[in-house]
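> The sequence shown runs contiguously to residue 550 in the UniProt record's numbering.
Keep in mind the hints are simulated off the structure, nothing from the lab. Be aware that one or more of the hints could be misleading.
What the hints assert, rightly or not - Simulated crosslink set (DSBU-like; lysine-lysine; CA at most 30 angstroms straight-line):
#, residue 1, residue 2
1, Lys273, Lys328
2, Lys238, Lys341
3, Lys328, Lys341
4, Lys157, Lys226
5, Lys194, Lys61
6, Lys273, Lys476
7, Lys328, Lys226
8, Lys476, Lys490
9, Lys238, Lys17
10, Lys25, Lys61
11, Lys341, Lys194
12, Lys328, Lys194
13, Lys25, Lys273
14, Lys238, Lys157
15, Lys226, Lys194
16, Lys476, Lys328
17, Lys194, Lys25
18, Lys490, Lys341
19, Lys157, Lys17
20, Lys61, Lys17
21, Lys226, Lys238
22, Lys194, Lys238
Unchecked claim - Listed next, with one range per pair, are the computed distances between beta-carbon atoms:
#, residue 1, residue 2, range
23, Ala401, Tyr189, 47 to 57 angstroms
24, Glu185, Gly294, 40 to 50 angstroms
25, Asp130, Pro428, 52 to 62 angstroms
26, Ala349, Ser425, 32 to 42 angstroms
Idealized CB from N, CA, C, for every residue including glycine.
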Amino acid sequence: MDIHALYTEITSTYAEKILNWAVRKTGCRADGEDLAQEVLLQVFLALRGQQLRSPEHFVWKVAHHVWCNRLRALKSCRTCELPEVLPDGTDFTHDLAEAEALQDSLARMRRGLADLSRTQREMMILHYLDGLSVREVAERLGTTASAVTWHLFDARKQVREELTMYNDTSAVYRPGRLTIGCSGEAPAYPDTQKVSDSLLRQNLCLLCHSGGKTLDELAAATGVPKPFLEYDLDWLTKHEFLCLSGSRYYTSFIILNQQYFANRLEVYSSAQKDFLDVILGGLWAQEDNIRSLGFYGSDFPAERLYWSILMLFTSYCSRNSSLLLRLKSQDLCEIRPDGGKYFIMAADASTPLSQLEPRGWNDFYGICSDFCESGGKYESYYWLGVHCFAAPENRPEIVSAAAGSRALLHQAYCAASKPGFSPESLPPEAQEKLAAAVESGLLGSPENGYRPGFVIMTPGQLARLQNEVFAPLLEKITPQLHRLSERFFKLHRRDFPRAGEGNITHHVYLDLWSFGIYAMRSAVNTGSLALPETPAQGVPLTLVLIEQQA
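Let's have the full structure, built from the sequences with the hints guiding it.
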């Protein structure tokens, strides 16, 4: 019989019988479970490389042998000599020694857990920490219940102490994940990639970001011997990911985590009346003026039209507010040790960063645009991915395609907005693009004249929108933008005391830019914007083309 099949047969046939026998022998459920697990483990170990004619005889022979060994151990314990001096209740040295022994045991237990195979370690965590049954663990990991039982017995043999886990040392058995990248000018293989390639370096940055850690603390937290840690700590310090103050290491850049987004949400929630409501009220009050500009889509229902208006206002503010222009200036970037000039952008990927409500507002894909200065070269498009259409794969082709294809799409889409449009007026390759846009929902059906489902403006119409509607509103909210920036600076300096000032400033810019997302969310909550149910319905909402005039 196959060895795995034999394991399965023995577990299903004898596990319960052995447990009942062990409980009767020990007179205690907990001791009986330990004895039963030891019996099954010894059975499995003894089975390796053997053929059995009588499994039942073999199992009970091993059980008897294990029980005799246990009795001998207990007898040895009962006949050991008493110490010459017994603690009298007033001497605290016994308690100190006990605490020291406990810490030593916990350290050895954590090291034992870290040394398990990945499969056994995950099974131990799922079963003993997360509380999943053996069957649930098997379903989660795609294996059998008998295999899980065997691995748990084998792992428990290596880690005999009861599992007691601490958050400060969780990196030993379930290391964190750091997503890290650059914003700015980076070399071909930046230092951020070297951090991303090393799980240990990721976790050292995560462990030191909320407070300084000593070498001893990091060794205990990661389970890595100090001589090995010192190399990576020296590298991270030399390359300015960590800084050393006294004996403590601190992360020198901001890491986006759940607390970061909770703080941002709290700031914008407290600014609802004086800031977000002012933006929404100011834009909706200009509805007649906006529609009078006569651009394609100006007759869309307000709950659809204002998605693009809010997106355009967000873009306008980021490019025209003196505060935001100063905050996002690349002049604040310092030359990095790898020769690049960039800000470090990082997020704790260990846990979901879903702090925005209602559900679905925890992500966005920043505004894509093609030269967005109203007084210069003509713009071809704007688009923002948010809510259900935030993922990069939802980007419309005119945003993600190569330059030649974008020009062809731009020509086809703008032509389709004209009265009396006929596909035959386009070159063959543009006609193919037209059919794909109909299928994706960006354009209407042939029966409806291929009408685009998004806004199309001329440069003159965009300039009027910016000058007549956006500029006065930006001036009105500028004092509140300054107050919000002060709050964000204070939060980041408190939570990331060793982060560079340039890194903090860049994140304050991103926090302020996000007002557009919170404004959209607020408008959805009040029913002023219609929420798309699918990505296909959402993609056209924030797409705006700027039509080139002859």
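> All the hints need checking, so say for each whether the structure fits it.
Each hint tested on the structure:
Simply put, Lys273 and Lys328 have alpha-carbon atoms about 26 angstroms apart, close enough for the 30 angstroms limit, and the pair holds. A distance of roughly 16 angstroms separates the Cα atoms of Lys238 and Lys341; the hinted pair therefore holds under the 30 angstroms criterion. Pair hint Lys328 plus Lys341 holds up; C-alpha atoms about 14 angstroms apart against a cutoff of 30 angstroms. As the CA atoms of Lys157 and Lys226 are separated by approximately 27 angstroms, the hinted pair is consistent with the 30 angstroms bound.
Restraint check: the Cα-Cα separation between Lys194 and Lys61 comes to about 56 angstroms, which exceeds 30 angstroms; the hinted pair is violated. This hinted pair checks out: Lys273 and Lys476 have alpha carbons roughly 14 angstroms apart, not beyond 30 angstroms. Taken as a hint, the Lys328 and Lys226 pair is broken in the structure, with Cα atoms around 40 angstroms apart against an allowance of 30 angstroms. A threshold of 30 angstroms between alpha carbons decides the hint, and for Lys476 with Lys490 the separation of about 24 angstroms falls inside it, so the pair holds.
A hinted pair counts as satisfied when its Cα atoms are at most 30 angstroms apart, and Lys238 with Lys17 does not qualify at roughly 61 angstroms. Of the supplied pair hints, the one linking Lys25 and Lys61 holds, its CA atoms being roughly 15 angstroms apart against a limit of 30 angstroms. Proposed proximity of Lys341 and Lys194 is supported: the alpha carbons are some 16 angstroms apart, at most 30 angstroms. The suggested pairing of Lys328 with Lys194 holds, with an alpha-carbon distance near 26 angstroms, which does not exceed 30 angstroms.
Between Lys25 and Lys273, the direct Cα distance comes to roughly 71 angstroms. Violation of the 30 angstroms bound is thereby established for this hinted pair. This hinted pair does not check out: Lys238 and Lys157 have alpha carbons roughly 42 angstroms apart, beyond 30 angstroms. Under the criterion of a C-alpha separation no larger than 30 angstroms, the hint pairing Lys226 with Lys194 is consistent with the structure, at around 21 angstroms. Between the alpha carbons of Lys476 and Lys328 the distance comes to roughly 21 angstroms, so the proposed pair stays at or under 30 angstroms and holds.
A threshold of 30 angstroms between alpha carbons decides the hint, and for Lys194 with Lys25 the separation of about 57 angstroms lies outside it, so the pair is violated. For the suggested pair Lys490 and Lys341, the alpha carbons sit about 25 angstroms apart, so the restraint of at most 30 angstroms is met. Under the criterion of a C-alpha separation no larger than 30 angstroms, the hint pairing Lys157 with Lys17 is consistent with the structure, at around 21 angstroms. Between Lys61 and Lys17 the alpha-carbon distance is near 14 angstroms, which keeps this suggested pair within the 30 angstroms criterion.
Annotation: proposed proximity of Lys226 to Lys238 holds, straight-line Cα distance about 18 angstroms (limit 30 angstroms). For the proposed pair Lys194 and Lys238, the alpha carbon gap of about 13 angstroms is at most 30 angstroms, so the pair holds. With their beta carbons about 28 angstroms apart, Ala401 and Tyr189 fall outside the hinted range of 47 to 57 angstroms. At roughly 42 angstroms, the beta carbons of Glu185 and Gly294 sit within the given window of 40 to 50 angstroms.
Checked against the given bound of 52 to 62 angstroms, the beta carbons of Asp130 and Pro428, roughly 58 angstroms apart, stay inside it. For the pair Ala349 and Ser425, the supplied restraint of 32 to 42 angstroms is violated, since their beta-carbon distance comes to about 49 angstroms.
In summary, the structure is inconsistent with hints 5, 7, 9, 13, 14, 17, 23, 26 from the numbered list given earlier, while agreeing with the others.
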